[in-house]
Each structure stands twice: as C-alpha cells, then as structure tokens.
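Asks: If you use my numbering, the sequence shown corresponds to residues 141 to 229, in order.
These aren't lab readings, by the way, just hints derived from the structure by calculation. Treat the numbers as computed from the prediction; the structure is a model and nothing was measured. All C-beta atoms, glycine included, are put in the ideal place defined by N, C-alpha and C. Any given hint could turn out to be false.
Label-pair restraints from in silico Cβ distances [to be verified]:
(1) Pro217 - Asp194: 17 to 23 Å
(2) Asp158 - Pro223: 27 to 33 Å
(3) Asn141 - Ala200: 16 to 22 Å
(4) Asp194 - Gly153: 16 to 22 Å
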Amino acid sequence: NLVVGNGTTINQGVILGDNVTIGAGVVINRGVVIGSGVTIGNGTSIGQNTMIRDNVTIGAGVSIGKNVTVLLGAVIPDGTTVPAGAIVP
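Using the sequences provided together with the hints, build the complete structure.
Replies: Laid out in structure tokens, this is it:
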C-alpha cells in the first residue's frame, strides 16, 4: 500500500517498501531506499543515497542530507535538519 501526496517528486532509482505514506510537496532524490511502514510528512526533502529503515516517522518540513542512514523505528520531528552522512538512531 503506497500513498503519495500532491506535488511530490520521487526521482529515479528510489526503492519503496510496503505501507509507505508520503505527504504533499515531498522531494525524494536518486538512490533513496525507504523501508516498510514509513511515514513522511509534507514538504520534506530527502537527499541522494539515503537509507530509511522500517517503521520510521519523519515529520513535516524535514531536510535530510545525502548518504544518511535512519535506523529502525526512528522518529524525526517536524522542521529537523539532518546533515549529510548522519546516522539517526
């Protein structure tokens, strides 16, 4: 089951798991892998080659840099900026 909001851009090479919900105006760049049970809030940007594990919740207006790893079950609050190369527990 996949739900994608209006105005969202999903670039080439993105892999999406099951039961993913993506809000409106989201940008997902090349090579991103999104696990199952992930929710992404409106207006969020996800950088190239980022790995988002299962059961992650990403708030609205979040900016995630490239080559980030978001670990199983993480919650990223609204408006957070995650720098390139970070690991989010």
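Asks: Taking the hints in turn, state whether each one holds.
Replies: Status of the hints after comparison with the structure:
Range check, Pro217 to Asp194: about 19 Å between beta-carbon atoms, so the 17 to 23 Å window is met. Separation of Asp158 from Pro223 is about 29 Å and conforms to the stated range, judged on CB atoms against 27 to 33 Å. The hint said 16 to 22 Å for the Cβ distance between Asn141 and Ala200, and at roughly 21 Å that hint holds. Distance hint for Asp194 and Gly153: a CB-CB separation of about 20 Å, consistent with the stated range 16 to 22 Å.
Hint check: no violations occur; every hint is consistent with the structure.
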